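Asker: Make the full structure from the sequences, and use the hints.
Number of protein chains: 2
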Amino acid sequence: MNEQRMSTRDGVLRAAERVAAILPPTPLLPVEIDGVRLWAKAEMLQPIGAFKIRGAWHRLFALTAEESARGVVGVSSGNHAQGVAWAARRLGIAATIVMPTDAPQTKIDATRALGAEVVLYDRPGGEDRDEVAARLVAASGATLVHAFADPWVIEGQGSAGIEIETQLGRAPSRIIACCGGGGLTAGLALACPDSAVVPVEPVGWDMVGQALVAGEVVKVGAHPPATICDALQPPATREINLAVLRGRAEPGVTVTDDEVRAAQRFAFARLRLVVEPGGAAALAAALAGKVPLDGDTVVMLTGGNVDPAAYAATIAAK
Amino acid sequence: MNEQRMSTRDGVLRAAERVAAILPPTPLLPVEIDGVRLWAKAEMLQPIGAFKIRGAWHRLFALTAEESARGVVGVSSGNHAQGVAWAARRLGIAATIVMPTDAPQTKIDATRALGAEVVLYDRPGGEDRDEVAARLVAASGATLVHAFADPWVIEGQGSAGIEIETQLGRAPSRIIACCGGGGLTAGLALACPDSAVVPVEPVGWDMVGQALVAGEVVKVGAHPPATICDALQPPATREINLAVLRGRAEPGVTVTDDEVRAAQRFAFARLRLVVEPGGAAALAAALAGKVPLDGDTVVMLTGGNVDPAAYAATIAAK
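Protein sequence lines correspond, in order, to chains A and B.
Each residue of the first sequence is one higher than the last, beginning at 1 in the numbering used here.
Each residue of the second sequence is one higher than the last, beginning at 1 in the numbering used here.
Calculated directly from the structure, the hints in this document are not laboratory data.
Note that the coordinates shown come from a computational prediction; the quantities given were computed from them, not determined experimentally.
A virtual CB, placed ideally from N, CA and C, is assigned to each residue, including glycine.
Fair warning: there could be bad hints in the mix.
Here are some chain B residues the structure puts well away from chain A; computed CB gaps all over 10 angstroms [to be verified]: (1) Leu-13; (2) Glu-117; (3) Asp-294.
Just so you have them, the derived chain B footprint on chain A, three or more residues with Cβ under 8 angstroms [as the list claims (entries may be wrong)]: (4) 25-35; (5) 42-54; (6) 133-143.
Answerer: And the structure:
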């Protein structure tokens with residue numbers, strides 16, 4: 001298992017070099033909230049529309065020729081899927097992605113368009129996506145590329161933090177990050193040791209926030225609330241992520257669907273950027289006054305792959 | 001009148017320095033159209049959501065202390081208005097903007113929010129906006145900052161071309177530009193002497209395209225067709241623009257409202273960028289196969305200030 005290797009800051013620096021060789025830095029844009037001028041990192045401007053391309057590229061690039069020949073299996077609600085598919089196509093590796101049946105159709109279609117095989121599983125019904133992936137791995141000898149519990153993936157996501165420090169010319173005071181399983185948050189914590197890192201999760205899906213309080217991995221309840229943040233619904237964080245975040249991340253913050261929609265509208269009107277619900281969680285926390293802001297604060301806008309009808313309804317609402 | 005001075009390439013280079021001192025370059029993003037990988041310049045990511053901030057900043061920065069004290073008057077359907085208001089606030093100059101009553105409310109509100117006084121005139125009814133502005137100038141001694149027929153404004157808009165050459169590492173083969181009165185197109189022609197420059201205008205509002213054919217300024221007809229491109233409805237281009245473009249610009253291209261809406265949807269889904277109708281005209285021409293494309297082609301995405309309800313309807317439509 002990949003979890004046997006720990007992610008490291010050196011690994012993040014290597015990832016940042018590999019990512020910089022193939023992807024231009026995403027812009028760090030000024031944004032004013034409540035009279036404070038801070039910064040937004042526009043990761044939806046990645047070719048796949050989300051930061052997940054970073055970790056996927058770093059992971060697949062590190063595969064041996066023998067591993068590459070056996071292919072990769074990813075598990076994802078959509079953005080990691082596209083990241084793995086993009087990297088796999090670029091490297092000539094076969095990719096199979098396990099996705100929930102309720103993932104946005106636009107994400108399923110985009111993953112297939114990138115050449116990956118998609119295997120659907122039933123998220124609400126309770127199939128364990130990791131078991132589905134494990135069966136595929138056992139059958140093919142492929143390498144599992146976990147969406148967040150993987151040292152290369154964590155390091156790859158952390159490359160965003162290296163870019164931010166270069167763009168800002170100093171360490172941010174605080175990075176506010178949309179958080180699913182904790183891959184990005186852990187990567188940023190490694191990348192920016194002098195910055196506070198705040199994980200923001202949907203209400204009821206704060207598996208990283210709860211794990212930080214408990215000091216150990218906490219599984220989501222049997223009947224978690226619905227959330228529009230399809231990208232931020234992990235069944236739990238994992239020890240490899242928690243090991244980085246324990247004692248390092250700030251207390252977790254949760255946001256409601258309405259706060260997320262308000263953030264999507266703000267990004268539309270003020271930044272002219274399309275942000276998906278899960279990609280707007282950090283901005284939602286900032287706008288709702290749930291995190292202290294100063295001129296060196298960075299808000300991660302992590303993705304923009306959103307169903308057109310849902311987005312139109314959000315934008316048209318007051 | 002400002003028209004007595006001609007715009008020059010040296011002026012564009014000075015403008016590029018002044019703009020670079022205050023505004024980071026907007027990203028040049030890869031985009032694939034019909035299997036060709038080309039480039040999109042994301043000007044909606046400027047602080048005011050449009051390239052117009054460039055020309056306004058260059059113009060207002062060049063005012064003497066005495067001129068600054070008397071204020072500025074701008075004429076604009078919305079984006080130039082915000083550019084002048086932004087520059088004026090930053091420089092402590094009083095700004096009055098003449099805007100049409102049918103400008104998007106979001107643009108009028110944004111202009112006022114930037115501290116400018118807005119004077120409305122009736123575009124469909126036929127009031128001459130230049131006469132309204134001339135009266136204000138006569139009364140106050142303010143400097144008129146024309147939206148396109150001004151040498152500093154042309155040079156300022158051209159700074160986008162200097163950025164593009166730096167980002168691409170070479171001259172683009174072709175720059176496809178949304179075109180209203182011809183300020184941006186002329187500026188790009190001066191900035192990039194080795195690149196073809198293609199003006200794209202709404203059907204019936206191709207005042208630059210028609211002037212290039214006629215060899216002289218052509219006024220829009222008495223009953224021009226409706227267009228959703230509120231930013232691209234000049235009554236005519238002007239000699240200062242035509243003097244640069246004559247013998248230099250490629251033949252003009254026109255686009256329909258449906259082509260523009262398709263381009264807005266493409267930018268939403270593929271680039272996760274909010275583009276207003278007038279800002280999507282160049283992309284519309286590229287997507288409709290109306291301009292040859294190659295790997296060194298640049299498509300200007302010039303603005304993203306759009307009414308939320310209209311945008312939602314466009315995005316939700318098939």
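Asker: Work down the list of hints and note, for each, if the structure agrees.
Answerer: Hint by hint, here is what the structure shows:
1. Leu-13: 24 angstroms, holds
2. Glu-117: 22 angstroms, holds
3. Asp-294: 20 angstroms, holds
4. 25-35: holds (count 4)
5. 42-54: Since three or more residues must qualify, the claim that chain B covers the region 42-54 of chain A holds, with 5 doing so at under 8 angstroms.
6. 133-143: violated (count 0)
Hint check: a violation occurs at hint 6 only; the rest are consistent with the structure.
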